[in-house]
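Novice: What follows is the residue order along each chain.
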Amino acid sequence: AQSVTQLDSQVPVFEEAPVELRCNYSSSVSVYLFWYVQYPNQGLQLLLKYLSGSTLVKGINGFEAEFNKSQTSFHLRKPSVHISDTAEYFCARGVGFKTIFGAGTRLFVKA
Amino acid sequence: DAGVIQSPRHEVTEMGQEVTLRCKPISGHNSLFWYRQTMMRGLELLIYFNNNVPIDDSGMPEDRFSAKMPNASFSTLKIQPSEPRDSAVYFCASSGPGTGGGEAGGYTFGSGTRLTVV
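Chains A and B, in that order, give the protein sequences.
Position 33 of the first sequence, counted from 1, bears residue number 33 in the numbering used here, the numbering being contiguous throughout.
Position 75 of the second sequence, counted from 1, bears residue number 75 in the numbering used here, the numbering being contiguous throughout.
Bear in mind the hints are in silico, worked out from the structure with no lab data behind them.
Note that beta-carbon positions come from the ideal geometry of N, C-alpha and C, so glycine has one too.
Check the hints yourself; a few may be wrong.
Claimed, not checked - Derived, one-sided and incomplete: chain B residues facing chain A with beta-carbon distance under 10 Å:
1. G3
2. V4
3. Y35
4. Q37
5. L45
6. Y48
7. I55
8. C92
9. A93
10. S95
11. G106
12. R114
Required output: the full structure, derived from the provided sequences and hints.
Specialist: As structure tokens, then:
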């Protein structure tokens, strides 16, 4: 089955430090990948998406992700995090009309 | 654009009662999805509609759950009778021809309804 795996359930990091949230996907001919962010008591918000083309995808709030076909990964990165980036982050892939979500990674930014 | 609107934001009900959750998708979006989020199981797709027609309801847990979309601007998710294990946050999301569905783009989520069944 087509799926995504988020390798870390929690990632604590200090403010202004870089961060990488890891996501691996099960291999397939066509891959459509997304990162969503969920702030406390809110719905999910699309951060960025990879459909085709350039493997480096830039999103909102200074986040970017790199599609790596050989490693079947789509890791999310930010060079310098803020306290306000504390949230849950979901990697996801599109399958037809559906979107399959990973289990989520809780990013906790400490002062 | 007001986004995807869900009501109520919070619902507390007693076991055995009927619960109805409501969703208004973004105008022009033709796909609508209901998700359930719990700590134990994460995000689960319950059902999705395309052009008001239910396409896949394989995620609906059991017959106590039902969903309708009578028109392009309104959908309901009903639980009857409710049970404590139904306690969760229920999200509605929509996507449209411009933004695409799962493969072509992304969803816009509502803020969710937090359901507590006591």
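Novice: Minimum Cβ distance from B:S95 to chain A below 10 Å?
Specialist: 8 Å, holds
Novice: Grab the minimum C-beta distance from B:G3 to chain A and call the hint holds if it beats 10 Å, violated otherwise.
Specialist: Since chain A brings a Cβ to about 9 Å from B:G3, closer than 10 Å, the hint holds.
Novice: Just to be careful: measuring from the Cβ of B:I55 to every Cβ in chain A, is the smallest value less than 10 Å?
Specialist: With a closest approach of 6 Å, the B:I55 hint holds.
Novice: Can you verify the interface hint for B:Q37: is its Cβ closer than 10 Å to any Cβ in chain A?
Specialist: Holds: closest Cβ of chain A sits about 9 Å from B:Q37, inside 10 Å.
Novice: Using Cβ atoms only, decide whether B:L45 comes closer than 10 Å to chain A, and label the hint accordingly.
Specialist: Since the shortest Cβ distance to chain A is 6 Å, the answer is holds.
Novice: Is the shortest C-beta separation between B:G106 and chain A less than 10 Å?
Specialist: Holds, because the Cβ-Cβ distance from B:G106 to chain A comes to roughly 4 Å (cut-off 10 Å).
Novice: Please verify that hint: B:C92, Cβ, nearest Cβ of chain A, below 10 Å or not.
Specialist: 9 Å, holds
Novice: Hint B:V4 vs chain A: min CB-CB distance below 10 Å?
Specialist: This interface hint holds because 7 Å falls under the 10 Å limit.
Novice: Holds or violated: B:Y48 as interface residue toward chain A, Cβ cutoff 10 Å?
Specialist: Hint on B:Y48: holds, closest Cβ of chain A at ~6 Å, below 10 Å.
Novice: Is the interface hint satisfied for B:R114? The criterion is a beta-carbon contact with chain A at less than 10 Å.
Specialist: 8 Å, holds
Novice: Does the interface hint hold: is B:Y35 within less than 10 Å of chain A, judged Cβ to Cβ?
Specialist: Constraint on B:Y35 satisfied, holds at 8 Å.
Novice: Does B:A93 hold up as a contact with chain A if the rule is Cβ-Cβ below 10 Å?
Specialist: For B:A93, the interface hint holds, since the closest Cβ of chain A sits about 8 Å away, which is under 10 Å.
Checked against the numbered hints given earlier, the structure satisfies every one of them.
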